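Asker: Residues per chain are reported as follows:
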Amino acid sequence: GTCFRSQEEKAMEAIKDALRALRKRHLLEEGAHGPAISALSKPMISQGSEWKEKTEKLEIELQQCYKAQSRLSALLVIEVAESRTSKASLQDKELLINDLEKDLSQTREECTRLQEELEEKTKTLDLLITENKEVRSQLEEMTNRAQKAESENKMLIDRWMLQKMQDAERLNEANALYEEMLAKLKANGLENLARQQVDGIVRRNEDGTDHFVESTIPSTCGHRIHAHEGGCGSILFQYNSRTLFTGGQAGPVKMWDTNSGSLIKSLNGSLGNILDLAITHDNKSLIAASSSNNLFVWDVNSGRVRHTLTGHTDKVCAVDVSKFSSRHVVSAAYDRTIKLWDLQKGYCTNTVLFTSNCNAICLSIDGLTVFSGHMDGNLRLWDIQTGKLLSEVAGHSSAITSVSLSRNGNMILTSGRDNVHNVFDTRTLEICGTLRASGNRLASNWSRSCISPDDEYVAAGSADGTVHVWSISKGSIVSTLKEQTSPILCCSWSGIGKPLASADKNGYVCTWT
Amino acid sequence: MAANEEAMKYVWEGAIPLQIHLHKSEVASHPAPPPALVLAPRIGYLPLLVPLIKPYFKDSLPPGEDSIWFDYKGVPLKWYIPTGVLFDLLCAESERPWNLTIHFRGYPSNVLIPCEGEDSAKWNFVNSLKEAAYIINGNCKNVMNMSQSDQEDLWTSVMNGDLDAYTRLLPKLKMGNIEDEFSRKESLSSPVSRQGGGTEIDVAGQVKTARIPVRLYVRSVSQNFENLEDVPEIDTWDEISYMNRPVEFLKEKGKCFTLRDAMESLLPEYSGDRAQTSGEEEADGSQETRGEIKLVRIQGIELKLEIPFSWVVNNLMNPEFYLHISVLVIGPQR
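First to last, the sequence lines map onto chains H and P. Residue numbering for the first sequence follows full-length UniProt numbering, starting at 1 and increasing by one per position. Residue numbering for the second sequence follows full-length UniProt numbering, starting at 1 and increasing by one per position.
Think of the hints as simulated: they come from the structure by calculation, not from any bench. Since this is a predicted model, take the numbers as computed values, not measurements. Every clue listed holds true.
Chain P regions said to be covered by chain H (calculated; three or more residues, Cβ under 8 Å):
hint	stretch
1	12-25
2	303-313
Take a look, some chain H residues computed to stay more than 10 Å from chain P by CB distance:
hint	residue
3	60
4	77
5	90
6	112
7	122
8	153
9	165
10	214
11	231
12	426
13	478
14	482
For every residue, glycine included, the Cβ atom is placed at its ideal position computed from N, Cα and C.
With the rest of the complex left out, here is chain P (with noise of 0.2 Å):
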């Protein structure tokens, strides 16, 4: 199998255990219902999880409408992040099963936008793939050229993570392709060699600028700490704060821009030699007030970061062309 393959099926394979308890004040029924245990693909959302859990809870509802918003330790969960960013942002310390709370009344409306189930969820894919086309091409002008009907088979593939289903709809879709000589090669050759396919649009040797479409999620811890496992719950969202900021660099021959260079352009205070990579702690002894990122996370991975920048966007973006990156820092709460 070829390695963009292999990454992009473990992309879009990749699920996490939630355990998903009702919350006790909505707990209508005796006994309480036991919590459901559902697994959650990383690039779905949410409210996509609805249909699977709601059969657990039903009969244990109090009479009324529903309104359904999860928690994490008493944290909202802002349902247009997919599921996957949220635990790789909110749990430190992977928390596998991953213990949430669903709550069927009391949609927090001040800190939650409205959420209608799948619909909003849909709207809110397209929504981000013009955003990412946009970022991409200049226009989105390919992604209201594609009918109606691909679109909803796009969506549904997504919803399902049917991979083989959107990569036949992708051509559809026009979206201009990053170029990455490393993404197709299972072998140290030349970079190069390159292999014929309808991917690539560009003409050889022409020197790019490639803009990437990226968000960017900075969690800042005030203490220090030495293990994943010390650090502290998350206790609002006021602790996180929200980058939508696109990567450009120069696609430049001999060189190869790095993560690193993608986070240094994208968080340039916390950047230089104090950034580590993952699983390397530099038991400095001696912390900066200058923030300092502790951990990158992508996919639910941490990189080297010396990784090139382009086979990262290429292999782990998110079926909506963006390249989702959870950090924690460091640093001074804003």
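Here chain H stands alone, though its shape is the one from the complex (with noise of 0.2 Å):
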């Protein structure tokens, strides 16, 4: 009823009561306050989400420097060690420095002590290297002086040479004055000569016949003799007759029975090494041709010396007798003369000069002309009244080391180093026969050949000790002799055809028939 309505009145009022008091309540307090703490916090708020913004940057890098410090802590622990390392290092290597001053300062103190040395070194050299010149320039001084000195020494030697033999010719001037003056007293002599002269053939000795004989080709040996100690270097047959003279490096001069083998005499006397053997025609005089620069004559019966010939200056190597006269001996020594001797006056009376030594010599038959072989493979002949060179032929390409005429006189045969043996026309010097042998070498400069005595073989001996045998007209070997062992130095054929004798470097003689 009423009471229901005006309780709802009431409560209508009471609710609009309370709506009125909730907006007023509004306006105090959110509507007044509002909008100001709004306007005041906005920014409060803004910034604290800016703030919150601006947190979360710095927190993001933050912890992004966090990262990078935990990062660098780690190099830097990396660095510290490192470090570390580095100053040990730095510090071992200030020790070494010091040391290496210490070694540089040292050096240097060397080095300039070395350079000292040096230059003092060098001042020497330089003093060495002037005092070198200066004996160098001294040397070709006295080089120079010693050259003229030379020449002047040639010029000398030709000067008295050219004065010896001007000497000589006048010595031979001198002779053959006296000679002349001599002859003319003798008036037999005058015949002879005069007849020679005209026509130079040689005519057989008055005093005698000699015996033609065949001679044999000698093949087997008949006696071995021990003639001499040291070596035999000439032997020789008395004219037709079996009797050898040997002649060696000492002692005496023996003459010995070839067919027994038995020694007859010596002949003493003789000094020095007999180099070459003559004998006169008559078988009285014995010449021999003495390395003591002599020749010695001695009297074969007597056996006693009845000349000793001085005046060579040298070792006379080669001596022949004339077979006409007896009395003139040429001899060939190293002092590049041949000297002609009288046996009857005992002394010189020409003396030839030449320049190469003459090994062999050889009197012709008239006993008027020498035959000289030489060493420089020249065979020259000279007259022995002027003592003048007649010819010169070059006969062989080495020395010459004999010359033996034959019996008739008309061939001459030369040996030489060229190991040819060769068989000269004496009239016209022209060789009529070369002999050679493949065994058959020459042994010395003395090497003597001989021709048979019917002048149809050759006999020369070689270095290997074999004697070898040449028929003249065949021009070949006839016969091989070997019985020595060493070389043969000397062949004879005894004048009546046997035997060949050959003596060798061992002294040894064997006789062949």
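With the hints as a guide, dock the two chains, each given alone in a separate frame, to form the complex.
Answerer: This is how it looks when you write it as structure tokens:
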């Protein structure tokens, strides 16, 4: 009823009142304060969100910084460790530097010292160089002087030789004059000389007729005689006999009987090495050429020395005596002279000079021409009276060692170190025969070969001890004789045709028949 | 605008201006920071304000961890009580702006339960919601059946003061409604005309016992006073007694259960003829030693006691379906 309605009215009033109160409250509270506070707080809130953003950013940055820091810490640890090792090594290096500096200063000192030494040495060297130059120039001077002296010397020798020749000429002239004077006294001699000068034909000796015996070709050894100690350089048969003279290195000349092989006698009185023997046609005098610069002349019968021919100034290596006169002897010595001697007078009558030494010598049948074989391989012919060179022929390419005349005097045999044996015609001086053998080698400058008495054969010894025998007409070997073992020095053929004798360097003499 | 809509709008938009001072013992900067001015939603809670306040003071704080709490006149403030309720309760003479002191250290754990910021407030809200559901429906199935995300959204709408979002989510909550024929009327029309709505569950005409969740806060002062400004400052929580007691009433036709009826049921010792409405002070002169209700505040306003209780409940309840009533009585200290 009305109570309810009035209650309801009251209720509605209350509700309205409540609403009014709410409105009022709104106005008083949020309505009044809200705008101001929101205005004030906006920046703060927005700041707050800004701050939040900033904080977040900063947090992220911080995290990154922490990460970076930890990385850097790790790096730092490494760096510190490295730094420590670097410091340690630096210290070591400093010590090392100190040592090196010491070494360096030492080395520098050493270096300056060495430099000083070097300067000294260089100075010394310069000095030595200049001295050397001086010495060299001195040497040049000396050499020039020596050369000059040599040429002067040569010139002087030539002059001296010329002088000697002139002296010899004068001597010869003087001798010739003396000879002429003596000759004029002798009536017999002139006839013979004139005859010989006219035709130059060799006439046989009136004293005796020579037996013309055919020589046999020797083949067998008869005797082997140890004639001399130290070598037998010269052997010679007596004319037309089997008696053999031997001359050796030392000791007497010996006389042998080749039939029996026994010694007949010794001829004493000689000195030196017997290089050549010659016997007079009457077998009475034996002449020996000696290395003692002399020739010795024995009387065969008495066995005593009759003459000692002096004058040569070097060893006498060849001798021959004139068959015609028996008093004229020619000798050649290594003083480059040939001397002519007169046995009756006992002295030198002529001297011939030449440049090449003569090894072998031989007189012509008429005793007027001298045949000489020289070291230069030339065969020379000299006039015995004038001593002038008649002719000269090149016989060998090496030294001539032997010159032998044939019995008839028409041929002359030369042997040379070129191992060639030439047979010359004495009138024309043309070679009419050349003999060689493959095993034939001449042992020395005085290896003597010989012609058989029938002028058919040539015998020559060889360095191997063989004796070769050639036929002149055939020009070939007809016999080879082997018995001796040492070089053959001399061969001689007996005038009665046999035996042939050969002498060797050991002093053995073999006879061949 | 419908009356209940308008009222709800004011309730949700209501905010108290606060002036927050940093306790001087915690001022670590020079000069001391000025107080922070914030608008605190009435239906919100103090912990939710911390993000707004902290920026003001963070530079001034001493080093260490924060344990934040507020006090008014030295009285630590219980954080699980809605801010508006605290204001209505503790400030007899409304102090605008309300000066509070903020602490960042020295949490009074003998007086206050621990607070972990927003999470604690949320938990508190959901818990209260369950309590309310139990009282209204007899069980809290409706809350438990709500999905986690819906609960989150509900809480978020409360935090943000978003009434529209809250209204949209309410159907999901399925909380029983209080019949209130007064809520939708603009004019004094027939109380029976009801507008159709999805929120009314009951069949028309049925007699029903309504159970209303109520939190009652009673501050008693010993001395009588004539003006509110004469009320002494609050000293301790001992002056305040708290009752979590539902109000039951029969929906009777023709009868209207008023606020007065509700208060009598809640505080029988203070009711009677001597009970006074706000604004009208009967200078009786006689001071009974028997308690006297001097002030009843709901949502910051004093209501005529004739106001239908159902209207009060439907329009002035907090989002967790509780009605908070602050009462000032003269009476012996309990």
